[in-house]
Amino acid sequence: MNMSKQKIIGLSLYVLFILVPIYWLVNMSFKTNEEILGGLSLWPQNFTFDNYMVIFTDPSWYMGYFNSMYYVSLNVIITLTVALPAAYAFSRYKFLGDKHMFFWLLTNRMAPPAVFLLPFFQLYSSVGLFDTPIAVALAHCLFNVPLAVWILEGFMSGVPREIDETAYIDGYSFPRFFVRIFLPMIRSGIGVTAFFAFMFSWVELLLARTLTSVEAKPIAAVMTRTIGAAGIDWGVLAAAGVLTILPGLLVIWFVRNHVAKGFALGRV
Amino acid sequence: MNKVENNKAWFLVLPVFLLVAFSAIVPLMTVVNYSVQDIFDQNHAVFVGAEWYQEVLRDPRLHDSLLRQFMFSFAVLLIEIPLGIAVALMMPTKGKMASLSLILLAIPLLIPWNVVGTIWQIFGRADIGLFGWTLNSLGMDYNYASNTGDAWATVLLMDVWHWTSLVALLCYSGLRAIPEAFYQAARIDRASKWAVFRHIQLPRLKNVLVIGVLLRFMDSFMIYTEPFVLTGGGPGNSTTFLSQTLTKMAVGQFDLGPAAAFSLIYFLIVLLVSWLFFTTITHMDKE
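Protein sequences appear in the order of chains A and B.
With our numbering applied, the first sequence corresponds to residues 1 to 268, in that order.
With our numbering applied, the second sequence corresponds to residues 1 to 287, in that order.
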């Protein structure tokens, strides 16, 4: 198979392209600042865990991870709960203003985030949610929910209507059909949606930083702290960067089977 | 697909509508409000009509960064969309290798944006970074901090590194949603690989590609953190994109009125271009 050999080489090259900067990040995280700034070395000469120790022993660091995970999970749950029924409605029914509504949803992802900062701060302060994970989770819904609806609608439209109708004829109620038959058919779409919702919420910095001060400070905001008067603490920043990748890897590990699984027609 | 007329479907959409409207409408009204007033302090503001809009539209800074921004987003789409499709097609479909390649591809997406900038800032340096060092020892005079072309190439490369995976993951999951029966039919017809791609895979990828193109356009059009961390928009103003010009105006000079007018114009441009993409791609389908 000549073709698949080409595929393997192409994919390997691309993965290499992705991994080299990551390797550099990991490499940096085990070095002292003197060594990082001192010159080029392909692996740590004075191997150290100090950068990681800083993060694991300082509550403001590890609580940052905890806070981020808290609001990100909340956001993913809210996003999927509201987006699944809505996407079904958009993919199956015609209703008053459906097309406008569909496009309007996405327009909320288009406004420059800097525009929303001050109004958001005022809005969430006035309802008493400032500095809570709920505020960040809700704020991130602004860009995650529309995206989720769009992605899910795309996948749902790929499922032929006949499947819905057959299920009703077979006596399925709507909720039972939706959960038992329909959702498994679009599992690759749900997997990728969950991952994207997680990812966009996890890396977002501007809103998360504006809506929190002490109690719910996210990890990405804690990281900007390493930029102090004495310059950037490169080692700790690199270690923190490495640690930000891990929860996401866990998430993609859980959804990977759904993303990788296709659907076979005629399951009903 | 034939859709059924059913206005009760509104109830399925209502939670989404309320949730998004809660976060979107109040802030947007505030911005519109700022853009037509001259604000002195909390209680003193004068209605100035369209004055800020005229001022911003005449501002050469806007013209420069807008042109730069379009060039950048165009380059991003031109590279990332085909590359993303190609990567998705190369990925294995079953077994451990499929999981492994999914996980590896996802890594760049999971790093907070400021850290992405930081990694490349070091990675590209000629003295202590592998990338810069390698280029320079190959005889290239690469320096992103002083050479405009190098700064552009670095920001572009950084974006490709960071975001191509998003297109690839979307397309990969889209490919998985193609029923096996389609491929079986193609095998019976002895269709070539290209024919399978052109007539089965590409049309079925349309839905996810619309999302991929729109997302990459919108996000690259709003790029802020990466060039900011890398060179602060330099050398000169060569990598100062729209978001940075806006932030300088709003935070640096605290010109709330013009900044609000600027952001609404910005918003309308993204809206217009996205709408053009969207209608063009969905219309191609009907023909």
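Please keep in mind that the hints were generated in silico from the structure rather than gathered at the bench.
All values reported here derive from a predicted model rather than from experimental measurement.
Just so it is clear, CB atoms sit at the ideal spot from N, CA and C, and this is done for glycine as well.
Just so you know, not all the hints are guaranteed correct.
Capping the alpha-carbon separation at 30 Å, the derived lysine-lysine pairs in DSS-like fashion look like this [claimed, not checked]:
| hint | chain 1 | residue 1 | chain 2 | residue 2 |
| --- | --- | --- | --- | --- |
| 1 | A | 217 | B | 206 |
| 2 | A | 5 | B | 94 |
| 3 | B | 96 | A | 7 |
| 4 | A | 7 | B | 3 |
| 5 | B | 96 | B | 193 |
| 6 | B | 193 | B | 3 |
| 7 | A | 99 | B | 8 |
| 8 | B | 8 | B | 206 |
| 9 | A | 5 | B | 3 |
| 10 | A | 7 | B | 94 |
| 11 | B | 96 | A | 99 |
| 12 | B | 8 | A | 217 |
| 13 | B | 8 | A | 5 |
| 14 | B | 206 | A | 94 |
| 15 | A | 217 | A | 5 |
| 16 | B | 206 | A | 261 |
| 17 | A | 261 | B | 3 |
| 18 | B | 248 | A | 5 |
| 19 | B | 94 | B | 248 |
| 20 | B | 206 | B | 193 |
| 21 | B | 94 | B | 8 |
| 22 | B | 248 | A | 261 |
| 23 | A | 94 | B | 8 |
| 24 | B | 248 | A | 7 |
| 25 | B | 96 | B | 206 |
| 26 | A | 94 | B | 3 |
| 27 | A | 99 | B | 193 |
| 28 | A | 217 | A | 7 |
| 29 | B | 193 | A | 7 |
Chain A residues, not near chain B, derived (Cβ > 10 Å throughout) [to be verified]:
| hint | residue |
| --- | --- |
| 30 | 47 |
| 31 | 49 |
| 32 | 60 |
| 33 | 81 |
| 34 | 131 |
| 35 | 145 |
| 36 | 157 |
| 37 | 168 |
| 38 | 172 |
| 39 | 179 |
| 40 | 224 |
Verification of the hints:
1. A:217 with B:206: violated (39 Å)
2. A:5 with B:94: Status holds; Cα separation ~16 Å.
3. B:96 with A:7: holds (16 Å)
4. A:7 with B:3: At roughly 40 Å apart (the allowed maximum being 30 Å), residue 3 of chain B and residue 7 of chain A break the hint.
5. B:96 with B:193: With a Cα-Cα distance of about 25 Å, the restraint between residue 96 of chain B and residue 193 of chain B holds, given a limit of 30 Å.
6. B:193 with B:3: This hinted pair is violated, its Cα atoms lying about 33 Å apart.
7. A:99 with B:8: Given pair residue 99 of chain A, residue 8 of chain B holds - Cα atoms ~15 Å apart, limit 30 Å.
8. B:8 with B:206: holds (29 Å)
9. A:5 with B:3: violated (44 Å)
10. A:7 with B:94: holds (14 Å)
11. B:96 with A:99: Violated: residue 96 of chain B and residue 99 of chain A sit about 41 Å apart, past 30 Å.
12. B:8 with A:217: violated (41 Å)
13. B:8 with A:5: violated (53 Å)
14. B:206 with A:94: Satisfied, since the Cα-Cα distance of roughly 21 Å is no more than 30 Å.
15. A:217 with A:5: violated (48 Å)
16. B:206 with A:261: holds (19 Å)
17. A:261 with B:3: Holds, because 27 Å separates the two Cα atoms, which is no more than 30 Å.
18. B:248 with A:5: violated (50 Å)
19. B:94 with B:248: The hint is violated at about 49 Å.
20. B:206 with B:193: holds (18 Å)
21. B:94 with B:8: violated (41 Å)
22. B:248 with A:261: Roughly 47 Å between the alpha carbons, so the hint for residue 248 of chain B and residue 261 of chain A is violated.
23. A:94 with B:8: holds (10 Å)
24. B:248 with A:7: Roughly 46 Å separates the two Cα atoms, so the pair is violated.
25. B:96 with B:206: Distance of about 28 Å is within 30 Å: holds.
26. A:94 with B:3: holds (6 Å)
27. A:99 with B:193: It is violated: about 36 Å lies between the C-alpha atoms, which goes past 30 Å.
28. A:217 with A:7: violated (44 Å)
29. B:193 with A:7: With a Cα-Cα distance of about 13 Å, the restraint between residue 193 of chain B and residue 7 of chain A holds, given a limit of 30 Å.
30. 47: About 18 Å separates residue 47 of chain A from the closest Cβ of chain B, which puts it past 10 Å; holds.
31. 49: holds (20 Å)
32. 60: Holds, since 17 Å exceeds 10 Å.
33. 81: Violated: least Cβ distance 8 Å, not greater than 10 Å.
34. 131: holds (17 Å)
35. 145: violated (6 Å)
36. 157: violated (6 Å)
37. 168: Since the minimum Cβ distance to chain B is about 12 Å, residue 168 of chain A lies beyond 10 Å and the statement holds.
38. 172: Residue 172 of chain A is indeed farther than 10 Å from all Cβ atoms of chain B, at 17 Å.
39. 179: holds (15 Å)
40. 224: Contrary to the label, residue 224 of chain A does not stay out of reach of chain B, its closest Cβ about 7 Å off (not over 10 Å).
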